[in-house]
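Required output: the full structure, derived from the provided sequences and hints.
What follows is each chain in one-letter form.
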Amino acid sequence: MTVDGFASRSPLPALLASRQIVVCCGTGGVGKTTTAAALALAAARSGRRVAVVTIDPAKRLASALGLDGLSDEPALIDASRWDPSGTAVAGGSLAALMLDTKSTFDKLVIAHAATPDQGERILANRLYRNISTVLSGTQEYMAMEKLHQLHADDAFDVLVVDTPPSRHALDFLDAPNRLVRLFDNRVFRMMMGPTRMSMRAAGAALGAFMKVVAKVVGTAVVDDVMAFFRAFEGMEEGFRTRSLEVLRLLESDQAGFVLVTSPRPDAVEEACFFADRLRATGIDIGALVVNRVHPLLVEVPVPVGVPVGPASDALEHVVATWRARAEALDLVDQAGPADACTMVASLAELVRAERAAVAPIVERIGRPDLVVEVPVLEREVADLDALAEIASYLC
Amino acid sequence: MKLEQFCSASRVVIVAGKGGVGKTTVTAALAQTAARAGLSVLIVEVEGKSWLATLFDRPALGYEETLLAPGIRGRTLSPDQALVEYLDDHGMRPISKRLRSTGALEVVAASVPGMKDILVLGKVKQLEQARAADLIVVDAPAAGHAITFLTSAVGLLDAMATGPIAKQAADVAALLTDPARCRVSLVTLPEETPVAEVVETAFALEDRAGVTLGPVVVNGMWPPPVPCTPRLFRAGARAAGITVTADDLAVAERSIGFAAARRERQDVQVRRLADLLPLAQIPLPFRFGATLGPADLEALTDAFVEGIVALAPDVV
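Residue numbers (the working numbering), protein chains in the order written: chain A, -15 to 379; chain B, 15 to 330.
Treat the hints with care, as some may be off.
[Unchecked claim] Among the chain B residues that face chain A by a calculated CB cut under 10 Å, a handful are:
no. : residue
1   : 36
2   : 39
3   : 65
4   : 68
5   : 226
6   : 248
7   : 254
8   : 255
9   : 261
10  : 276
11  : 302
12  : 321
13  : 323
Keep in mind that the hints were calculated from the coordinates and are not lab data. Ideal Cβ placement from N, Cα and C applies to all residues, glycine included.
As structure tokens, this is what we get:
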């Protein structure tokens, strides 16, 4: 299949060519940020105008992407850096930005406030300052808000988005999502003023609620809570509309989801959690990226995601053969050669174990054709050269 | 250093590190190490990652303590569980359920920065005070969250001086800053980014949380280079009566070359870590089988013990 100059069996070129938003999700430490950045680079080289939204890139990768300062607005990366040989398809561009939860939230508040005064009041509220950084789900919500802004802005053909490294990363898929649920919940309504239906009951319930809050956190916080909710009066509708728009966008075929994992059982377990979560929301997975796969140095073809069967048996045989050789060598005190044989067996064992580890998620998704393997590199992925190498395996 | 001395240096050890560095495995190995020294150990898993129990070949961890191995018990203690328990303990059982179902609990928790973290650590403190075990090993939350987790008490005390939560925070701060009661053990991999992050975390924790850091556990060390040449290999094979083909020889060369190159890159990072961070290191070996089980735990515990014995006597 050839799409926009790509020629490969990976599902990613088609995904990058056809979607406006590509979301990378997975647990921490599996190379999600790297994958997002490499995908963005590949898309730029195929002639698309791309922005990559990162959450918390490692320092050197951030520098490579020109994100040394606090840049929560997209900054263009000079084409000479991601296309040094000048071989990319014309028309592409690459920009990167780092999500700043608080500043995105601040801008959202200012945009939705009825008056400048209301906006100022919210930004000054102590509870808001906590909520804008602490409330679980806020970072995820703000990532989506940023996405909405960038999508609306039309300066980019495709946005590649990194997600926070937690199970909560997909909380924005809740409809209504957490933040909206906050404004939606009964306590909030009580605080915003009693409804016509049950003014008395609501008043009593509010009293009980405030008593609990006061008991747990002290009375000082209670005033903040009240002030916070009053400050937001009238704004919740704008928030709700906005978040539902983002949700619809993500559920549409304008968005594609890339699940990222490493070939270790704990990472795969998390990947399965994400896969189930996406499925429950009715979202298809566009690709499964398995990062840092070790090479098989023996000539036995073993496709990924095959835990049992002839291929795996062959690998098993390799391990057993070389272990037996190591033992035989040990018996005649040939320590060096014995260790060499043990190393061959260990590396084959590692490949076997990695394949077995990946199997559950491939089975869960039920689409072996969506699997893309990236081998472990002989160097740190901390510059655009290394990203280009990763991109060559992805696309 | 003597094993007993290391394991009884404090009553709580908090194991912290970035996601994917093997923090949970190190937690289990440390528990096993302390058990070998004759201590009773309680593992507290705060992220609800119940698979820790599979290292002991036991069913998943739950909120109730379970026996994982002789002398080792384990339980989960998630922030939500800690919050509910706190409310129950403070006579709010009747309404805590409703607070949860309406989402109001989330508002309460968010109204105080780091409140859930403080409740988790508060519960750990309670277990420590009750002498629930000779050593309590806490598998801390991953990534940058470890800093938030451990600085929550100080942060809250800055913002709020009175009230039951402030009292809780003061107790937690007292626990964290007393080296006889609590130490933090950082885990990293011998790779560029994990090393950079562990150095940053170490300085942030010492400066902002006032905790005492134990040795850094460097997880996933590949074996030292195999001293073998094609000539030695052929001679060895002859001596052992093994027939090896040219292909076999090539495979062996590629394999030891690959492993040696990896180890060489790791050694560079280990030296870099030593230069950047003045803490002792305990290296743990890379496990080639990806499914971790009791056999791996034994091997890691052996290495842990070896690493402790190799430490200078005055390290802790």
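Status of the hints after comparison with the structure:
The beta carbon of residue 36 of chain B is positioned within 10 Å of a beta carbon in chain A (closest approach about 9 Å), and the interface hint is therefore held. For residue 39 of chain B, the shortest C-beta to C-beta distance to chain A is roughly 9 Å, which falls under 10 Å, so the interface hint holds. Of the supplied interface hints, the one on residue 65 of chain B holds, with its beta-carbon coming within about 6 Å of a beta-carbon of chain A, less than 10 Å. A least Cβ separation of about 9 Å between residue 68 of chain B and chain A falls short of the 10 Å threshold, and the interface hint therefore holds.
About 26 Å separates the beta-carbon of residue 226 of chain B from the nearest beta-carbon of chain A, more than 10 Å, and the hint is not met. A distance limit of 10 Å between C-beta atoms decides the matter here; for residue 248 of chain B the minimum to chain A is near 9 Å, and the interface restraint holds. Here the hint on residue 254 of chain B is kept, as its CB sits about 4 Å from the closest CB of chain A, short of 10 Å. A distance limit of 10 Å between C-beta atoms decides the matter here; for residue 255 of chain B the minimum to chain A is near 7 Å, and the interface restraint holds.
Annotation: residue 261 of chain B was flagged as interfacial toward chain A, and the flag holds, the nearest CB pair being 7 Å apart, inside 10 Å. Because the smallest distance between the Cβ of residue 276 of chain B and any Cβ of chain A comes to about 8 Å, under 10 Å, the interface hint for this residue holds. At a threshold of 10 Å, the smallest CB-CB gap from residue 302 of chain B to chain A is about 4 Å, leaving the interface hint in force. Checking residue 321 of chain B against chain A by beta carbon gives a least distance of about 21 Å; that is not within 10 Å, so the hint is violated.
For residue 323 of chain B, the interface hint is violated, since its Cβ never comes within 10 Å of a Cβ in chain A; the closest pair sits about 24 Å apart.
Violation of the numbered hints given earlier is confined to hints 5, 12, 13; the remaining hints are satisfied by the structure.
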